[in-house]
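As a plain string of letters, each chain reads:
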Amino acid sequence: MLLISAGILTVGAILYTLFVRAKDLPEPVPPSPVAHLEERRARIYEGLRDLQFEYRVGKLSDADYQQTKLSLQRELAAVMAEIDRILGVKPAPKPAVAPQPAAAPPKQSAAYVCPHCGAEFAQALKFCGECGKPMTGETGA
Amino acid sequence: MENLGALAILLAFCLSLYSVVGSLIGKWKKNLFLTISAQRAVYSIWFLLTAASSLLVYALMTGDFRMAYVAAHSNHAMPALYKFAAWWGGQEGSLLFWSWLLATYSAIVVFTNRSKFREMMPYVVSILMATQCFFLILNAFVVSPFQVLAVGRGITEVPDGNGLNPLLQYWSMAIHPPMLYLGYVGFIVPFAFAMGSLITRQPGDSWIHTTRRWTLVTWLFQSCGILVGAGWAYAVLGWGGYWGWDPVENASLLPWITATAFLHSVMMQEKKGMMKVWNMVLISATFFLCIFGTFLTRSGVVQSVHAFAQSPIGKYFVVYLTVGIAATAYLILDRLDYLKSESRLESVVSREASFLFNNLILLASCFAVLWGTMFPVISEAVTGEQVSVDAPFYNRINVPIGLFLIFLTGVGPLIAWRRSSLESLKRAFMWPAIGGFALMVALFAAGVRHFYALMSFGLCLFVAWTIVSEFWKGANAIRAKSGGNLFGAMFELTHRNTRRYGGYVVHMGMVFMFIGFTGAAFNKNLITETELGGVLHIGKYELKVSDLRDGENQNYAWNHAVVEVRSGGKFLGSLEPERRFYKSSGQSTSEVAIRRRLNEDLYLNYAGVNENQKPVIQAYIFPLVSWIWIGFATLIFGTAICLVPSKIRLQYARTEVVGMVGKHAPAER
Amino acid sequence: MLRLRGSLLLLALAALSLAQTGMTLATPEIRRVGDKLACLCGSCKNSVGDCPMIMCHYSNPAREKIASMQKAGFSDQAIIDEFVKKEGIRALVAPPAEGFSLVGWLMPFIAIGIGLVMIWMFLRRFRKPAAVPEIDPGDFDRYRDRIDKDLAKLD
Chain E
1 MLLISAGILT
11 VGAILYTLFV
21 RAKDLPEPVP
31 PSPVAHLEER
41 RARIYEGLRD
51 LQFEYRVGKL
61 SDADYQQTKL
71 SLQRELAAVM
81 AEIDRILGVK
91 PAPKPAVAPQ
101 PAAAPPKQSA
111 AYVCPHCGAE
121 FAQALKFCGE
131 CGKPMTGETG
141 A
Chain H
1001 MENLGALAIL
1011 LAFCLSLYSV
1021 VGSLIGKWKK
1031 NLFLTISAQR
1041 AVYSIWFLLT
1051 AASSLLVYAL
1061 MTGDFRMAYV
1071 AAHSNHAMPA
1081 LYKFAAWWGG
1091 QEGSLLFWSW
1101 LLATYSAIVV
1111 FTNRSKFREM
1121 MPYVVSILMA
1131 TQCFFLILNA
1141 FVVSPFQVLA
1151 VGRGITEVPD
1161 GNGLNPLLQY
1171 WSMAIHPPML
1181 YLGYVGFIVP
1191 FAFAMGSLIT
1201 RQPGDSWIHT
1211 TRRWTLVTWL
1221 FQSCGILVGA
1231 GWAYAVLGWG
1241 GYWGWDPVEN
1251 ASLLPWITAT
1261 AFLHSVMMQE
1271 KKGMMKVWNM
1281 VLISATFFLC
1291 IFGTFLTRSG
1301 VVQSVHAFAQ
1311 SPIGKYFVVY
1321 LTVGIAATAY
1331 LILDRLDYLK
1341 SESRLESVVS
1351 REASFLFNNL
1361 ILLASCFAVL
1371 WGTMFPVISE
1381 AVTGEQVSVD
1391 APFYNRINVP
1401 IGLFLIFLTG
1411 VGPLIAWRRS
1421 SLESLKRAFM
1431 WPAIGGFALM
1441 VALFAAGVRH
1451 FYALMSFGLC
1461 LFVAWTIVSE
1471 FWKGANAIRA
1481 KSGGNLFGAM
1491 FELTHRNTRR
1501 YGGYVVHMGM
1511 VFMFIGFTGA
1521 AFNKNLITET
1531 ELGGVLHIGK
1541 YELKVSDLRD
1551 GENQNYAWNH
1561 AVVEVRSGGK
1571 FLGSLEPERR
1581 FYKSSGQSTS
1591 EVAIRRRLNE
1601 DLYLNYAGVN
1611 ENQKPVIQAY
1621 IFPLVSWIWI
1631 GFATLIFGTA
1641 ICLVPSKIRL
1651 QYARTEVVGM
1661 VGKHAPAER
Chain G
2001 MLRLRGSLLL
2011 LALAALSLAQ
2021 TGMTLATPEI
2031 RRVGDKLACL
2041 CGSCKNSVGD
2051 CPMIMCHYSN
2061 PAREKIASMQ
2071 KAGFSDQAII
2081 DEFVKKEGIR
2091 ALVAPPAEGF
2101 SLVGWLMPFI
2111 AIGIGLVMIW
2121 MFLRRFRKPA
2131 AVPEIDPGDF
2141 DRYRDRIDKD
2151 LAKLD
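Chains as they are written, first to last, in the numbering used here: chain E, 1 to 141; chain H, 1001 to 1669; chain G, 2001 to 2155.
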């Protein structure tokens, strides 16, 4: 009894380990040349979202918000450009002069509605918590 | 049966060796069959070790006293739970348990990554299996759990075993060691992936994303292990301490501290691609401290109550540690170019900079603990005289460090990434700081003169305030946008970014624990003999010993005192501290009785009767201790939140952002 | 028979709880000295003054010794010296800040100092020019629009 179970244990373990058939090999996953860049991009998007939220919550000063947002956008643009370069995609066409004219027609002339994207806010903000553009009504950058 | 067990271990050892070599050769020769076969060996090893462990547990359960391990750690009278727990109750069994856990982890790693990381996996497998191989050498050749008594002695069998140490016959002792081992062993997974990606120079930080959950879960196990151990010490050892700076306790704390530092500083790498070298160092240090802790516990290098019997395994650990650390250091130094930082610091007043200080403080406390633990050895080597440091040394150094750490816990999360101007800081900190300061003044006015306690309470309020206001402000911002009630908004808020808000909850748990630790500044104790019907006074309580009883069962004899507790004439209930005498091991233990309340615990220990035939009662008041266990529960809850995937990510994955070529964005899980 | 065995066990229990005279010795005077002496019972890291283990085989005799020496008129320092003479430096809760033991005390602080220097070096090295990724302004504007749109979708 002991000998039999010892034999089964030994033979079983060794056979299972050594006997690999061709169909047991895993399907090769084509490695993506941009996987790590996409990860980076997802992370920066997340950072931008967080930043906007923090600003909306009121934790950041206007200057901090603008500066950090710009540097995040720059980094993101660089990552996207790099992805496009690797994949050989042509960069997006240059946008029209007015970035998003039809996206959001301002509903009221209240100071708390963003003239660019139409987002509404409970309190007055210098910059929109949604699109980040100045809330003053003049078409900024 | 013992032959079968020993055979299984021996086979597992051979297979682990095969797996290390096969994996590497398969990688170098690009032979996929060999690589897969090496991965299969991992499953085989798991199966073999499961078989061996089952045999050992079966022997313990059925009381096969021909085997040395069973005779030493089990007996007939023990309840089944403790018979099972005897698996990790002694040196040999616990090393087998360790091997089994490692095999389990490895099998899970291989299974979950079976079609991923083709470049890196062979190295990951070989690192895991090299460690497995090391432990199996110990299991098979040095401290075999399947040794029979007959070897080298005249006897072949004893009628009954010694049983598990009575102090360990307590429910949480059945949980504490496995938890701690799950923590100790688990850190090898992030370490193996870190090394794998370092060896193959993987682009990006995929090792971090892949092992994030591993690290967190392992960290949670480690925390549970430490805190359950503290709870056990508090409730069982009979002197009300939950932490004694014992070398073995320290050994479990060290990797926990570096892992905590790692969990924080890894964010720098994820967000900004900085501190890559440092993160490698931290994860390696964590892993090697785990091994070092095992070494410390088992080799008898330093004196400790917890230490297992002295054994020859010390030198094996020294060899493994030396080789492992040297190889890791070489790898890191050789690949510094791969670990180059991708960006820079924008400002000194930023989250990034606060993480630097967080890391410094954590590492400093880790170093202080390590230094204190090793000081007897070091001083003996240098001066010839063994000088040990005791609790006052650790407290004097770690209390200020801990206070600074809790301060950073409040400050760090409120400083924005990249930069924070004075105005932003003022918005975030003015009210919490005023609140904390006001509490200190109020407590001082109320007569609290203990400097550290004042600081600690003030800082705790400060941190709690910042955390609550984070939730409050965030939830209100969500409500302003999408309506709903406050709880719904908080749920939404947490779900949006589980890591951050789960992290806040963990921080809150730490605040609760610090409140509990601070209570120790106000402990009271009273040790006295009394008589039946005698009344003792401690704090606001009146204790009356109303009865003394005794009896016995199969496992132990007991006698206990019935103590009526009154406060201001009001009857609060009675406590029954007990003293036990375990028959098979001839040891006695005390079962303390604790009246746990949020403000203070009343803790009674019955020491039996003295030479004058009078009962001796030891009474303590431990203020705020319960907050440590509340903090523990909060910590588990917070970590669980961190493990839930954030909602953001999933949405992002579905959005199919422009520029994606027929592929989903990497949704990390 | 069983009863007899039970009472024998209880006797053993009672015997184990002997030697407890030390516990009534927790007077402030004894604590003052005891707080400076380590409990060497081998299983705790407390001082003789506050070791709460009820049958401690080190602290209780130590307290008795302190009490008797105090009665005989020894000064605190003399009592402590007596313990050090018998047990070596390990009889103290913390090694004296002299000789090699001084290194023991200072080392953690030296480590913090080294850490601070490292942070300072790190800050100096990585504070320097803000490494904004090079991207030309035209490209940036193009991508920025895409980023804004994506971001609006994300929230």
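There could be a bad hint or two in this list.
Stated by the list, open to error - Taking lysine to aspartate or glutamate and the DMTMM-like style, the derived pairs with C-alpha atoms no more than 20 Å apart in a straight line are:
id : chain 1 : residue 1 : chain 2 : residue 2
1  : H       : K1030     : E       : E46
2  : G       : K2085     : H       : E1380
3  : H       : K1426     : E       : D62
4  : H       : K1271     : E       : E82
5  : H       : K1481     : G       : D2141
6  : H       : K1473     : E       : D62
7  : H       : K1116     : E       : D24
8  : E       : K69       : H       : E1380
9  : G       : K2149     : E       : E27
10 : H       : K1473     : E       : D50
11 : H       : K1271     : E       : D24
12 : G       : K2149     : E       : D24
13 : E       : K69       : G       : D2076
14 : H       : K1481     : E       : E27
15 : E       : K69       : H       : E1342
16 : G       : K2149     : E       : E46
17 : H       : K1030     : E       : D62
18 : H       : K1029     : E       : D24
19 : H       : K1271     : H       : D1205
20 : H       : K1340     : E       : E27
21 : E       : K23       : G       : D2139
22 : H       : K1544     : H       : E1492
23 : H       : K1524     : G       : D2150
24 : H       : K1116     : E       : D62
25 : E       : K69       : G       : E2029
26 : H       : K1647     : E       : E82
Hint data in this document are derived by calculation from the structure and do not stem from the laboratory.
Hint by hint, here is what the structure shows:
1. K1030/H to E46/E: violated, 38 Å
2. K2085/G to E1380/H: holds, 18 Å
3. K1426/H to D62/E: holds, 13 Å
4. K1271/H to E82/E: Judged against 20 Å, a Cα distance of about 18 Å means the pair holds.
5. K1481/H to D2141/G: Distance ~29 Å between K1481/H and D2141/G Cα, so the pair is violated.
6. K1473/H to D62/E: Judged against 20 Å, a Cα distance of about 17 Å means the pair holds.
7. K1116/H to D24/E: holds, 15 Å
8. K69/E to E1380/H: Roughly 57 Å separates the two Cα atoms, so the pair is violated.
9. K2149/G to E27/E: Between K2149/G and E27/E the Cα gap is close to 37 Å, so the pair fails against 20 Å, i.e. violated.
10. K1473/H to D50/E: holds, 14 Å
11. K1271/H to D24/E: violated, 39 Å
12. K2149/G to D24/E: violated, 45 Å
13. K69/E to D2076/G: violated, 66 Å
14. K1481/H to E27/E: violated, 46 Å
15. K69/E to E1342/H: It holds: about 18 Å lies between the C-alpha atoms, which stays within 20 Å.
16. K2149/G to E46/E: holds, 14 Å
17. K1030/H to D62/E: Violated, at about 56 Å.
18. K1029/H to D24/E: Holds, because 19 Å separates the two Cα atoms, which is no more than 20 Å.
19. K1271/H to D1205/H: holds, 11 Å
20. K1340/H to E27/E: violated, 33 Å
21. K23/E to D2139/G: Given pair K23/E, D2139/G is violated - Cα atoms ~48 Å apart, limit 20 Å.
22. K1544/H to E1492/H: This hinted pair is violated, its Cα atoms lying about 53 Å apart.
23. K1524/H to D2150/G: violated, 62 Å
24. K1116/H to D62/E: Measuring from Cα to Cα gives roughly 44 Å; hence the hint is violated.
25. K69/E to E2029/G: violated, 66 Å
26. K1647/H to E82/E: violated, 27 Å
Figure legend: structure checked against the earlier numbered hints; hints not met, in rising order: 1, 5, 8, 9, 11, 12, 13, 14, 17, 20, 21, 22, 23, 24, 25, 26.
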